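J.: For the record, the sequence lines run as chains A and B. Position in the first sequence counted from 1, then plus 25, gives you the working numbering. Position in the second sequence counted from 1, then plus 200, gives you the working numbering.
Each hint should be verified, as a subset may be incorrect.
[Claimed, not checked] The calculated BS3-like cross-link candidates involving lysine-lysine, where the alpha carbons are at most 25 angstroms apart (straight line), are:
1. B:K252 to B:K242
2. B:K311 to B:K277
3. A:K153 to B:K380
4. B:K223 to B:K380
5. B:K223 to A:K153
6. B:K380 to B:K242
Since the hints were derived computationally from the structure, they do not count as laboratory data. For clarity, every value in this text was computed on a predicted model and none was experimentally measured.
Chain by chain, the residues run as shown.
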Amino acid sequence: MTTTHSYFVIVGTRDDPLYEAEFGPMSRGDAGKRDEHRHLNQFIVHAALDLVDELQCGTNNMYLKEVDKFNDWHVSAYVAASGRTNWEGIVDESSRGTVGVRFMLLHDSRNQDGIRGFFQDCHELYIKALLNPFTELNSPITTTTFDTKVRAIGRKYL
Amino acid sequence: MASGTGTRARTAGDDIWKTRVEKINAELFTMTYGSLVAQLVKDYEDYSEVNKQLEKMGYNIGVRLIEDFLAKTNVGKCADFKETAETISKVGFKMFLGFSPAVANWSADGKEFSLLLEENPLAEFVELPEDAAAELSYSNILCGVLRGALEMVLMQVECSFVSDVLRGDDTTELRVKLVKFLEEEVPMGDD
């Protein structure tokens, strides 16, 4: 079955997920399997984070295309602008200045242009959510409007 | 007659906005106000208290703002409360916030009116958290500003928000009620 299932995560500066969403046709009887998948998805994305960190130093682009592959799942990444700065000489754990907010997408079929558009729209949406004074930088994004809009963007591009 | 005052006020307001007012970046303004409210919420943890503080802060701003307003606009005394309303909307709001809310919903005795805010620069991009939506009056500072400014020109008013798009309503409506006209008070210590 080549239905495009995708799993989208916004990862904060401390490698914790701020927002997760799944796209793709959902079948009712799949609830149990989806839970398993979610653990696996989180694991895959987490493993790919190191690759993202390495890659982002080498390029000025925000969209990092495909960074990893796991069985038949591809991982694409997009780095939000806050990861640009290079903090030379800061050694302590709490201030990992080179790490910004990353958008990760786990998908089972290639769709580079669509994914790039998806990431860019989500980035704009994320910036607007940040402008809300009641959200804090690393806290999970729970507003329903954000969720609805991400799903709409997902339907548009994926 | 009423429309005459209205148009005069509008042109005066537009003119002042274009020429005699310094401008700042809107996003900076919105973010400053937003972090102010967010911090108050964190500090007080009680939304009605936050509303009270915002109103108090607004009052302090209003009593000073009126001086700036009178200096820049040079308007004379308003003939009646209706003229006051038009001036607030078309000159006051226009000068300080860049837009002019509609004046509507006059009460039968002419002592209450509403300002309908189509846009609210204080609240761009803001989404209230669930528990705040019921109680927090996000733009309550405006209520205080109006109360303070009008008190300096000898009108005692009560202001409150009857509806707010941030709380899920269709419009943002600010109700202004004239309580009474104040007498000029002789300063203490004069013989």
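J.: Hint by hint, note whether the structure agrees.
T.: Hints and how they fare:
Taken as a hint, the K252 of chain B and K242 of chain B pair is honoured in the structure, with Cα atoms around 15 angstroms apart against an allowance of 25 angstroms. Restraint check: the Cα-Cα separation between K311 of chain B and K277 of chain B comes to about 17 angstroms, which is no more than 25 angstroms; the hinted pair holds. Taking the CA atoms of K153 of chain A and K380 of chain B, the gap is about 44 angstroms. The hint is violated against a cut of 25 angstroms. Taking the CA atoms of K223 of chain B and K380 of chain B, the gap is near 35 angstroms; set against the 25 angstroms cutoff, the hint is violated.
Between the alpha carbons of K223 of chain B and K153 of chain A the distance comes to roughly 23 angstroms, so the proposed pair stays at or under 25 angstroms and holds. Between K380 of chain B and K242 of chain B the CA atoms are separated by roughly 36 angstroms; this puts the pair beyond 25 angstroms, and the hint is violated.
Comparing the model with each numbered hint stated earlier shows that hints 3, 4, 6 do not hold.
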